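Participant: Each chain is listed here by its residues.
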Amino acid sequence: MSDSTFEPKIIGFFCNWCTYAGADLAGVSRLQYPSNIRVIRVMCSGTVSPHHVLRAFQKGADGVLIGGCHIGDCHYLRGNYMTVKRMRFLQDLLKFTGFEPGRLHLEWISAAEGPKFAQTVRDFTEKIKKIGPSRLIAAVKAA
Amino acid sequence: MDKLRAKVRSLLTEGKVAGYLGYLIKDGHPLPHFFTKENLAEVDQAMVAPDSARYPLDKLLIALAGRYPEAIFAIQVRGCDERGLNELYKWGQLDPEKVVPVGVACTQNQADYCECPGPWASVVDYGEKCLPVAKSRRVERIDTLAEQDAFQEWLAAFKRCIKCYGCRDVCPMCFCKECSLEHEDLMSTGQLPPDTIFQLVRAIHMAGRCIDCGLCEETCPADIPLRVLYKKANALVKDLFDYDVGSPGAGPSPWKVLGEDATLEAKPM
Ligand code: SF4
Ligand code: SF4
Ligand code: SF4
Ligand code: FES
Chain A
1 MSDSTFEPKI IGFFCNWCTY AGADLAGVSR LQYPSNIRVI RVMCSGTVSP HHVLRAFQKG
61 ADGVLIGGCH IGDCHYLRGN YMTVKRMRFL QDLLKFTGFE PGRLHLEWIS AAEGPKFAQT
121 VRDFTEKIKK IGPSRLIAAV KAA
Chain B
1 MDKLRAKVRS LLTEGKVAGY LGYLIKDGHP LPHFFTKENL AEVDQAMVAP DSARYPLDKL
61 LIALAGRYPE AIFAIQVRGC DERGLNELYK WGQLDPEKVV PVGVACTQNQ ADYCECPGPW
121 ASVVDYGEKC LPVAKSRRVE RIDTLAEQDA FQEWLAAFKR CIKCYGCRDV CPMCFCKECS
181 LEHEDLMSTG QLPPDTIFQL VRAIHMAGRC IDCGLCEETC PADIPLRVLY KKANALVKDL
241 FDYDVGSPGA GPSPWKVLGE DATLEAKPM
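Residue numbers (our numbering), protein chains in the order written: chain A, 1 to 143; chain B, 1 to 269.
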């Protein structure tokens, strides 16, 4: 399915306090990362419902990247405990139903980790390019 | 049936409960019925619904308890119904002080059909305990499929959905006042088949809450193997959080509390 001209759509849900600030830092540091990512800023990664992730896939996302503060650094103390519970569960459910769990990734990126932010976006975009266009979208289009 | 009827009769006559939710044959069909002291003679006809005739009595109890919050009610429960009560207590939908279970043990046939690991209630007023079924072959079969094949199989099933909401409406564990499946910003409206994610969204909501009664699957006019999906969702909740749905000792639901520690790690890319 790999296609060199394939430019995936990637949705990023980033928490305001860490990963979004990390993205800012990557920006002001002029670090390069692919423009495939569309960012949605949330107050805490723990506010991202699995339903939001599924909705993104339904609406055409080829990949979804969730970014939050490192464990112990969440600005609401333990909000990201819920993030990891939800996303691990959702990845396993996607696997069972054949909905390509690799399209969903969770990464802890702090406000100081501009380079890690840029690298994560690069790696994830590369990974999604390799996986190819979303199976779900192909099915929707065929219907 | 004598033992069960005697128990119900004494609960009613001694005024321990304001009524009993059970079953009665009406026009040849076993139907849910509310028994009271005023119509005590009906208790002679109280029965246990045969294997295939089941209704979400827990759901009826939620409605009753909502109308009469002070009253105590008795209710006929199978293993799954009782798991439902335990879960509903946790979610604040029922008060354990206000519920008296009248317990039933299911037949081996029913347990095999349900692939049920707990086919009896904690008190047994009717029936004999049979052998529980520890594993779901239906889930195991899907587990062995290649991802692409699993996808094609689920996709074919999901496409048949006519969005009747029967699975939700019959479910004793669906008690939300507002339903995500009808949220205009999160689910497309006015089209069939519904969004491909429709059943997955419901599976997320049922994970750790579904008591595996199987009524959704029996209700579904499109024969979607919903029960397999929710059985797996519960198995994942067990694997990830060691949570046993409907067990009185299981502690709070992993979705209700953040937890004292982050016990899971994010998967590497
Ligand atoms: S799931 Fe089936 S076998 Fe188990 S208690 Fe309920 S009706 Fe009986
Ligand atoms: S088996 Fe279906 S109807 Fe029964 S609790 Fe689970 S989701 Fe609800
Ligand atoms: S009962 Fe079946 S057809 Fe009806 S909404 Fe649920 S899954 Fe779809
Ligand atoms: S505030 Fe960043 S994950 Fe909670």
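In case anyone wonders, no lab produced these hints; they're calculated from the structure.
Keep in mind that this is a model prediction, so the values were computed, not measured.
For every residue, glycine included, the Cβ atom is placed at its ideal position computed from N, Cα and C.
The reader is advised that the hints may include incorrect statements.
[As the list claims (entries may be wrong)] For each label pair, taking beta carbons as the anchor points, the in silico distance ranges come out as:
| # | chain 1 | residue 1 | chain 2 | residue 2 | range |
| --- | --- | --- | --- | --- | --- |
| 1 | A | Ile40 | B | Glu140 | 23 to 31 Å |
| 2 | A | Tyr76 | B | Arg138 | 54 to 62 Å |
| 3 | B | Ile25 | A | Gly132 | 40 to 48 Å |
| 4 | B | Lys26 | A | Ile40 | 51 to 59 Å |
| 5 | A | Gly60 | B | Gln148 | 16 to 24 Å |
| 6 | A | His75 | B | Val123 | 28 to 36 Å |
| 7 | B | Glu128 | A | Gly132 | 54 to 62 Å |
| 8 | A | Ala143 | B | Glu265 | 35 to 43 Å |
| 9 | B | Glu265 | A | Ala112 | 40 to 48 Å |
| 10 | B | Lys238 | A | Arg122 | 31 to 39 Å |
[Said to hold, decoys possible] In silico lysine-lysine, DSBU-like type, Cα no more than 30 Å apart, as pairs:
| # | chain 1 | residue 1 | chain 2 | residue 2 |
| --- | --- | --- | --- | --- |
| 11 | A | Lys59 | B | Lys267 |
| 12 | B | Lys16 | B | Lys26 |
| 13 | B | Lys3 | B | Lys98 |
| 14 | A | Lys95 | B | Lys159 |
| 15 | B | Lys26 | B | Lys37 |
| 16 | B | Lys3 | A | Lys59 |
| 17 | B | Lys135 | A | Lys95 |
| 18 | A | Lys129 | B | Lys16 |
| 19 | B | Lys16 | A | Lys59 |
| 20 | B | Lys98 | A | Lys59 |
| 21 | A | Lys9 | B | Lys16 |
| 22 | A | Lys141 | B | Lys159 |
| 23 | A | Lys95 | B | Lys163 |
| 24 | A | Lys95 | B | Lys3 |
[To be verified] Covered, in the sense of this in silico footprint (three residues per stretch, anywhere, with C-beta under 8 Å from a C-beta of chain A), are these stretches of chain B:
| # | region |
| --- | --- |
| 25 | 49-57 |
| 26 | 151-162 |
Participant: If a hint holds in the structure, say so; if it does not, say that too.
Facilitator: Now for the hints, and whether the structure bears them out:
1. Ile40(A) / Glu140(B): 23 to 31 Å: violated (38 Å)
2. Tyr76(A) / Arg138(B): 54 to 62 Å: violated (40 Å)
3. Ile25(B) / Gly132(A): 40 to 48 Å: Once the Cβ atoms are compared, 58 Å apart, the range 40 to 48 Å for Gly132(A) and Ile25(B) is violated.
4. Lys26(B) / Ile40(A): 51 to 59 Å: Check passed, 54 Å falls within 51 to 59 Å.
5. Gly60(A) / Gln148(B): 16 to 24 Å: Holds, since Gly60(A) and Gln148(B) (Cβ atoms, about 20 Å apart) stay within the stated range.
6. His75(A) / Val123(B): 28 to 36 Å: At roughly 49 Å between Cβ atoms, Val123(B) and His75(A) fall outside 28 to 36 Å, so the hint is violated.
7. Glu128(B) / Gly132(A): 54 to 62 Å: holds (56 Å)
8. Ala143(A) / Glu265(B): 35 to 43 Å: The hinted range 35 to 43 Å holds for Ala143(A) and Glu265(B), with Cβ atoms some 37 Å apart.
9. Glu265(B) / Ala112(A): 40 to 48 Å: At 21 Å between Cβs, range violated.
10. Lys238(B) / Arg122(A): 31 to 39 Å: Between Lys238(B) and Arg122(A), where Cβ atoms are some 37 Å apart, the hint holds.
11. Lys59(A) / Lys267(B): Roughly 24 Å between the alpha carbons, so the hint for Lys59(A) and Lys267(B) holds.
12. Lys16(B) / Lys26(B): holds (27 Å)
13. Lys3(B) / Lys98(B): holds (22 Å)
14. Lys95(A) / Lys159(B): Given pair Lys95(A), Lys159(B) holds - Cα atoms ~19 Å apart, limit 30 Å.
15. Lys26(B) / Lys37(B): holds (19 Å)
16. Lys3(B) / Lys59(A): Roughly 57 Å separates the two Cα atoms, so the pair is violated.
17. Lys135(B) / Lys95(A): Within the cut-off at roughly 19 Å; holds.
18. Lys129(A) / Lys16(B): violated (66 Å)
19. Lys16(B) / Lys59(A): Distance ~55 Å between Lys16(B) and Lys59(A) Cα, so the pair is violated.
20. Lys98(B) / Lys59(A): violated (46 Å)
21. Lys9(A) / Lys16(B): Violated, at about 62 Å.
22. Lys141(A) / Lys159(B): Roughly 13 Å between the alpha carbons, so the hint for Lys141(A) and Lys159(B) holds.
23. Lys95(A) / Lys163(B): OK: Lys95(A) and Lys163(B) at ~24 Å, within 30 Å.
24. Lys95(A) / Lys3(B): violated (48 Å)
25. 49-57: violated (count 0)
26. 151-162: holds (count 6)
When each numbered hint is compared with the structure, violations occur for hints 1, 2, 3, 6, 9, 16, 18, 19, 20, 21, 24, 25.
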